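There are 2 protein chains.
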Amino acid sequence: EIVAAVERAFGNGPLKGKRIIVTSGPTHEPIDPVRYIANRSSGAQGTAIAAALANLGADVEFVTGPADIPPPSGVNVVKVQSAAEMHQAVMNALPADAGVFAAAVADWRVVSASSSKIKKDNGKLPTLTFAENADILAEVSQLTDNRPPLVVGFAAETEDVIAHATAKRERKGCDWIVANDVSPETGIMGGKENAVTLISADGAEEWPRMSKTEVARRLAERIAAALAPEKG
Amino acid sequence: EIVAAVERAFGNGPLKGKRIIVTSGPTHEPIDPVRYIANRSSGAQGTAIAAALANLGADVEFVTGPADIPPPSGVNVVKVQSAAEMHQAVMNALPADAGVFAAAVADWRVVSASSSKIKKDNGKLPTLTFAENADILAEVSQLTDNRPPLVVGFAAETEDVIAHATAKRERKGCDWIVANDVSPETGIMGGKENAVTLISADGAEEWPRMSKTEVARRLAERIAAALAPEKG
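Taken in sequence, the protein lines are chains A and B. Heads up, the final residue of the first sequence is numbered 271 in this note's numbering, and it's a clean run with no missing numbers. Heads up, the final residue of the second sequence is numbered 271 in this note's numbering, and it's a clean run with no missing numbers.
For the record, the hints were derived by calculation from the structure and aren't laboratory data. Please read these numbers as outputs of a predicted model, since none were measured by experiment. It is possible that some hints are incorrect.
As the list claims (entries may be wrong) - Think about it this way: if two alpha-carbon atoms lie no more than 27 angstroms apart in a straight line, the pair counts; the simulated BS3-like pairs of lysine-lysine are: (1) B:Lys156 to A:Lys231; (2) B:Lys118 to B:Lys55; (3) A:Lys156 to B:Lys251; (4) B:Lys231 to A:Lys156; (5) B:Lys156 to A:Lys251.
Only chain A is shown next, with the shape it has when bound in the complex:
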């Protein structure tokens, strides 16, 4: 970490001059002024990735929903609430050399959202009407102009992790998928550790269970290698 900080300070990191967008945390989709739908995400993995990329010298645009933990230092923070706001912030942040989409973005928003608190006085149950949110990962992956050379998505699955994540990579058109099993019994969601599989055109590479910080460090190094001129 000290070496990384020194490298960053002296501008010698392998990602120096590279602009990378990282999304992180959940989004909150309002139902009314006091209620919302959210995805479980502490923001821990996305925050660690942003920090690791910054440590390697990257210029990080960190687009974060309402996470449990504060953003890392050394990145440019854009705070958002809803998926629509996150979509807008990502589009505004383009162009970039890479996009790492670690946020747990809500797939749906409530189109029947109320501007005043829904009362339950009349004993009726609420009816929520949903609409699909923009798919940030797919949209960025399929851009004809301004597509980042490396687009990394995440797949939080609870069953058939590798099959679902491999299919997701093809469907979205991204380069890599970082897949993990977020079943409650794994303790990964909200925990300090992660066990991921990196899915690329070369197949599925299972990483051992390690701290989220270490997952972030390794992923940042792989991104640096992928963006290095000799690799390109």
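Using the hints provided, position chain B relative to the given structure of chain A.
Using the frame of chain A, we list chain B on its own:
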């Protein structure tokens, strides 16, 4: 604060020997393993009230949903996620001399909650079926056995605050309602200050805008006065 801590240490607070249940924070109602419905509540006001009551010597049972801030010291903490869990924890904590129900409990739970992550692959929108949660405040207020001598509810409103809160007090059968306006423009939700109206059988008493800590201190003193033998 030092005086209060000393009083507590020497067991001289006016609430010495009084057992008080305080609920706080939001509840999270699962949609599937990664999605949930929540109420906006930082837990700041409930946490401050629990701390203020403990400072006056009370034996506080602090039943808290997933709040943004840690529980205070000097209280017995019971952590819960859903409204059903909070209901159970409150019932388990009875009997008590007072109940202060500051939590933003979800009115509804998702009965169609899925044990695996709902996929959006097929382009269909989710259908959520709701059921009404137990009304903890009304149920405790209307107990024939074990009703705490003082039951305090909260009303977070966005319009006609006093009218809604006065009606809520009668409907629930509680003794007091602490009402506030949580419209986004007030900055109260998630903020450090609160502007409350205390509704009792005597009418509505509007308190000036002050810190949540000060609201808690004043409310704790009122509770101590109400539970004092000479007052009874």
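A quick look at each hint next to the structure:
1. B:Lys156 to A:Lys231: 22 angstroms, holds
2. B:Lys118 to B:Lys55: Holds: B:Lys118 and B:Lys55 sit about 24 angstroms apart, inside 27 angstroms.
3. A:Lys156 to B:Lys251: 22 angstroms, holds
4. B:Lys231 to A:Lys156: 22 angstroms, holds
5. B:Lys156 to A:Lys251: 22 angstroms, holds
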